[in-house]
Amino acid sequence: MSKKVLVVDDDPDVRSFVVTVLEENQYIPLVAQDGVEGLEMIEKEHPDLVILDVLMPRGSGIRLYRKLRTDENLNHIPIIMFTGIALRSFLKSQKALDEFKGGEVPKPDIYLEKPVEPEELAAAVKKKIG
Amino acid sequence: MSANKILIVDDEEIIVKLLSMSLRSDGYETVTAHSGEQGLEVFKSELPDIVVTDIKMPGMDGLELLKKIKEIDSEKEVIIVTGHGDIDSTITALQYGASDFINKPVRDEALAIALERAKAKIAIREKLEEYTENLEIKIAEATEEIRRKSNFQRLLIKSSNDAIVAFDHDWKVVVYNPEAANMFGEAVKDVRNKMTIDDLYTPKIAKIFKNQAKEEKQQNTLPWRENIINTKDGRQIPVRYTSNVLYKKGEFVGTVSFFQDLTEIKRLEKELVQSERLAAVGQTVSGLAHYVKNILIGLKGGSYVVDVGIKKNNTDKLKTGWESIKKNIKRVGDLTQDLLTYSKQREPEFEVCMPNDIAADVIQLVEDFAGANGVLISKEFDTHIGEIVADPQTIHRSLLNLMNNAIDACMDDEDVSKKHEVKIKTYKDENNYFCFEVKDNGCGMDEDIQKQLFNPMFSSKGGKGTGLGLLVTGKLIEEHKGVIETETSQGIGSTFRIKLPLEKANAVDKV
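These protein sequence lines are chains A and B, in that order.
Numbered according to my numbering, the first sequence terminates at residue 157, and the numbering increases by one at each position without gaps.
Numbered according to my numbering, the second sequence terminates at residue 548, and the numbering increases by one at each position without gaps.
Just chain B, same shape as in the assembly (with noise of 0.2 angstroms):
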């Protein structure tokens, strides 16, 4: 809007006239009036952008006109027209808000400076109120979406499935969600602003958030990792967790940390794996099928033999029968607990033992067995190995299965001119790890039954296998964090290699 609507307002018609002539010829619009009374009806039909008023008129002067006028508008331009030296009036004028003050006689030049002042200050002004309006909406626009977005996230941090905690410059704790609450059992009333990094968390992860947060900015986001973490009743949740160090223009300002709960995770990893094991055992079936049926036939045979020997009074026949009955249900018994073990979640049971021991009492197991089918069983045990903290159940059936498994591979192999040894050997590798080591010159194995070694159903023995052997031990050795090591070459022989960890074995000694 540009200010061209002027009043004027003079008791002498000829100055206004005058006034009004030389406006319009300037490019103005001009409405008159001859009194104060007058100029203020005027003022409020015609709603002008500026007055100029004469001082001084009989009834209602300039000033009072002035004072009306700002009454109604506060805003709105006058030019108030002085006699000379009325210093008075001018200050009044001046304290009821007048804009610009000419002397009479009035000349043009002084009247366009005063008016083009006044217009300057309408435009600067107008331009003033369309800014702060705008700023007004603005600043409400910004403060809506300030508000909407703190919300929006306080929700997100509420409602977040990760724990998010996260500390200020003093490692006090500022934000904790009610996940996060959940998750180390403490309340949000006594974390938030209360507690630090030390008091909520295990030192071992307020130390690397500490350390990630000295590190210059090298790292700012932590991968994620996983750790157990203790919670205020005791529980220990196994967690994934990664942390963000916060800056504000290069200076350090807390950190905030994110914390997954792998409870249900884990417990899906055991079950799959434990459904998975299931599955193989009912994969394993048909195998078992076939070698249940071999015991069958040998407990029917042995009976058919044990009661030949009665009729007959045969002490040998009865021996031999005997002998058929009795292996065949350790047969059924070795087979059940394979069976159990491979199906059942088993923790290892650690206790101290001697692992020498153990390999001399499985030696005498086979050995009888070995000695009859031409297969020499020969031993090298480290003696410095004493005492380890182990489950000795695990290392009784692993080196059993394995050396079951070398004597069959020595009486299998087709070179009957070998002198068939089989050699176990017990030491301690570099790495400390317990190993041991049952070495057999049979028949070894081609690429097609090393792959399939550890499958469940798998077996090269025919129906003379359960195809569980090596599932088991695998399963058993991997409870215990070892690993299996496997060397063949067809026709030369085969070595297995247990190693299990001794630190692990220790540690858990001292608990």
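Just chain A, with the same shape it has in the complex (with noise of 0.2 angstroms):
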């Protein structure tokens, strides 16, 4: 049975794209516009691998990322982060974020930054959930 990913995106470009790549490698794409939105499909869909951009309105692309590595119910899910910010600046966020609120959050499984090839982003989705 194809498994299912959700791509959180709110630029409808990426969205496409994602759905477009995720098709084509057979998986069944779900798309989420915000953090909010992502959270309630992850809830109702229970997606298996989940792709998710950083910047989204209303800061809720970290805050989606920190909810979905600190709850115990869905911590099981893998997550790519897929952003056009760089690597150090979201770990360096991240860090801080941690200091703030005690505790530390795991770092993502993948990090892929923007723009990618669809080759890539398919290589990524398949080693995390084959």
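Please note: incorrect hints may appear among the correct ones.
Unchecked claim - In silico BS3-like links for lysine-lysine, alpha-carbon gap of 27 angstroms or less:
#	chain 1	residue 1	chain 2	residue 2
1	B	K456	A	K71
2	B	K348	A	K30
3	B	K244	B	K286
It should be emphasised that the hints constitute simulated quantities derived from the structure, not laboratory data.
Hints given; two lone chains; assemble the complex.
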């Protein structure tokens, strides 16, 4: 049975790109425009993988990421961060948040900086969920 | 010098002796001679201050001696001793310049008085000489000083970088320096003592100066003002000027005005603004790189989707991909235009236009996008505005930027329960400004964001903003001599209001 992959990105261009890549590689794509919608989808559809943008309106990329990594019911879902933000900046921001909130949120499984070739994205998905 | 040495001349030796003794006891120094010839010799060798001589002597008589002495020194005091009633010789002696007369026989008293008189005369003359000499030196010094000062002032006026023009009480030009000739374009020879204030100045400036002179010494010096003057050869020069009213004993005698050419300063100011702007563009580059990367992501993604569409013969994919590409091509175009607008000096191009129509066009451009994101666009146009003279580009671009920002603010609002709306309003305010207002009920802005609103490279939209939108808008409005006002409340929404002066536009219309 095909696996479900949720794309959370506010940019419709990115969504259509990722959706097409997923379809081409026989995954079932799900889409959400922001973190709030993303969480609803996760709770409803139980995707096998989440491809997540960092910067979205309402700061919800980071919020959703931390929720997915700290919620015991959700932290089994692998995440591919898919963003225009450099990894270093992202890690710095996470470290700052860790210090502020206490505890440590694990680093993302895979971090892809946009733009990526379709093959690269497909390979990353495959690596995580086969 | 005190007159103390007296020459006594008389052919009667006893008289010489007696007089000499008497004068010595009075404290005088005396020298004596017994004839005119001897008297002259002694006079030449002893240089007495006063000569007392008998008139009647054998050989050279007193008159002859007097004449000779006067030839040597016309100022010398010579007292003549005459016999009673010798009127003719007395008259001759007077003609020769005798100082005083004593009758024979000589009485001490009379001689003392005559000597005192002579001494007093000598003293006065000496004082006078001293004064005269001093006076001549002082006058020479003063003349030199005045000449030097006047030369210096002439040089000062001549070499001044300020144009200096002075008028007499009839408003005729009396001072007109080379810089003035340079500035007004009229040669010095054609202006000085020929032109009046009305020939030289624009009516406006001439009026200011004349009024200033009329004001009863209230305002002796005009504060510096700026204006544009027209030169003979048709150039317009921005100047800064002031003027002084000149009074002599309370009477108006003229005015002097000073002009400074501001062309260079204005040019430098412009250059500075321009270079600041270029620097700002430089600062924006990092933000821009991010934005450009996003465009690239869109283009790459879109072309991949198109490829898949072609391969699979899937029209939906083709459409989606092609939309992505088109949208991002447009973003490149917009960005380029923003960059050009921002980095280049641009004068508004005034023309007759209908602001309501422009606003309607802008609404049409953003309506679909807004609708797809749950934002309602509404309008409230003042139909009385009709045609105005303005730069339609400025209105279009500014309005589009504000509308896009307003829609973004709605989409960025955490409160999804709100019914989001962007309202655009046009009207004319009480100051005859054409105004348009874009009001949203989106996320609003905190103080931090407000402070940075018009800063280059600032964007609250992450990689989705260039940080150029309001910068460009601000510049366009500034070039149009308009103003932007902002009201915002976090979580409630923002209002941006642009006001453009209509009078200015109308003035241009008449030209």
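We went through each hint and held it up to the structure:
1. B:K456 to A:K71: holds, 26 angstroms
2. B:K348 to A:K30: Given that 27 angstroms is the threshold and the Cα spacing comes to 23 angstroms, the pair holds.
3. B:K244 to B:K286: Satisfied, since the Cα-Cα distance of roughly 25 angstroms is no more than 27 angstroms.
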